[in-house]
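Colleague: Let chain A serve as the given structure and place chain B on it in line with the hints.
So the sequence lines, in the order shown, correspond to chains A and B. Using the working numbering, the first residue of the first sequence is number 1, and each one after it goes up by one. Using the working numbering, the first residue of the second sequence is number 1, and each one after it goes up by one.
Some hints could be false.
Pairwise CB distance ranges (calculated) [stated by the list, open to error]: (1) A:His-5 - B:His-42: 42 to 50 Å; (2) B:Thr-69 - A:Ile-90: 27 to 35 Å; (3) B:Gln-39 - A:Ala-11: 28 to 36 Å; (4) A:Thr-84 - B:Thr-69: 36 to 44 Å; (5) B:Arg-65 - A:Leu-14: 31 to 39 Å; (6) B:Ala-27 - A:Ile-82: 36 to 44 Å; (7) A:Pro-59 - B:Met-56: 23 to 31 Å; (8) A:Glu-22 - B:Met-56: 24 to 32 Å; (9) A:Pro-59 - B:Leu-57: 17 to 25 Å.
Calculated from the structure, these hints are not laboratory results. Even for Gly, the Cβ is constructed at its ideal location relative to N, Cα and C.
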Amino acid sequence: MNTLHRIGVFAASLLILAALSEVVGKAAVTIATPNSAVINYTLASGATSSPVTPATNQPVIIIGSNTGTTDFAVSTVTMVHIPTIMMRWIGIEAGTGAVIHNGSSALGTHIIWLDESDKIDLEVFSADQFVIHNGASTSESGTVKLIW
Amino acid sequence: MNSNDLKTFRRSNALWLPFAIWTIFLAGVLLQLFSPHLQIAHNAFVIPPDAIRQGMLLDPTALVRQEKTIQLLSALLVLAGATGLALLYRHTLLRHFWDKGQN
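Same shape as in the complex, but just chain A:
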């Protein structure tokens, strides 16, 4: 009985320690991770992603890259989003490397190309959101990273 009791105490202590290290370890990693989010997209021809809301009232860096084997490129844009008013941005286009800057709340306004052939882009959805739009004739995939 005494041995059983000891095993019970030991097992319970181990279980609590395991839960403690798991939860605290996960929290430490989560808190140490910078405020950045990666959106991996795969969009059929002509498809549009869910609307994405960037952080408000602060600069947000958006790095996008389409990773299709025949049409890959990278572009970046720095954006400020004033809620319900509009988003303003400045960046460098994929493909041409042109510097762009604009601001809008109008649906469909082009923000930046993510691919070499100018088919996949970020577009304004509303004053508060943008979408990823695939205007290519093939399914395309890639990544959009937001840092704020």
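Modeller: Relative to the frame of chain A, chain B by itself:
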């Protein structure tokens, strides 16, 4: 307070304290269920691919904030609970390890 009242007080005290500490510990563990479960890759939170296809509004800022808040709260509760349990059962634990050392 007479001796009977004192005994009753100690008995009720002996009941609610372990209950409260276990509740804090389990609440911390259960809180994990309410986090958005964002994966971390290359030092960034990964938004689940399903979320981008479902047509709903996606707010990475709110998701990341929620994840960080829940993880922090969960860690604090579990840490407090585990410390409380260690203190509550210190005699049992010390006896266990002491006896083990003696054998």
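Colleague: Now, for every hint given, state plainly whether the structure supports it.
Modeller: Okay, the hints, checked on the actual structure:
1. A:His-5 - B:His-42: 42 to 50 Å: holds, 48 Å
2. B:Thr-69 - A:Ile-90: 27 to 35 Å: holds, 32 Å
3. B:Gln-39 - A:Ala-11: 28 to 36 Å: Given about 31 Å between the Cβ atoms, the range holds.
4. A:Thr-84 - B:Thr-69: 36 to 44 Å: violated, 25 Å
5. B:Arg-65 - A:Leu-14: 31 to 39 Å: Because 34 Å falls inside the window, the suggested range holds.
6. B:Ala-27 - A:Ile-82: 36 to 44 Å: holds, 39 Å
7. A:Pro-59 - B:Met-56: 23 to 31 Å: holds, 26 Å
8. A:Glu-22 - B:Met-56: 24 to 32 Å: 30 Å Cβ-Cβ, so the 24 to 32 Å window holds.
9. A:Pro-59 - B:Leu-57: 17 to 25 Å: holds, 22 Å
Violated hints amount to a single one, hint 4; each of the other numbered hints is respected by the structure.
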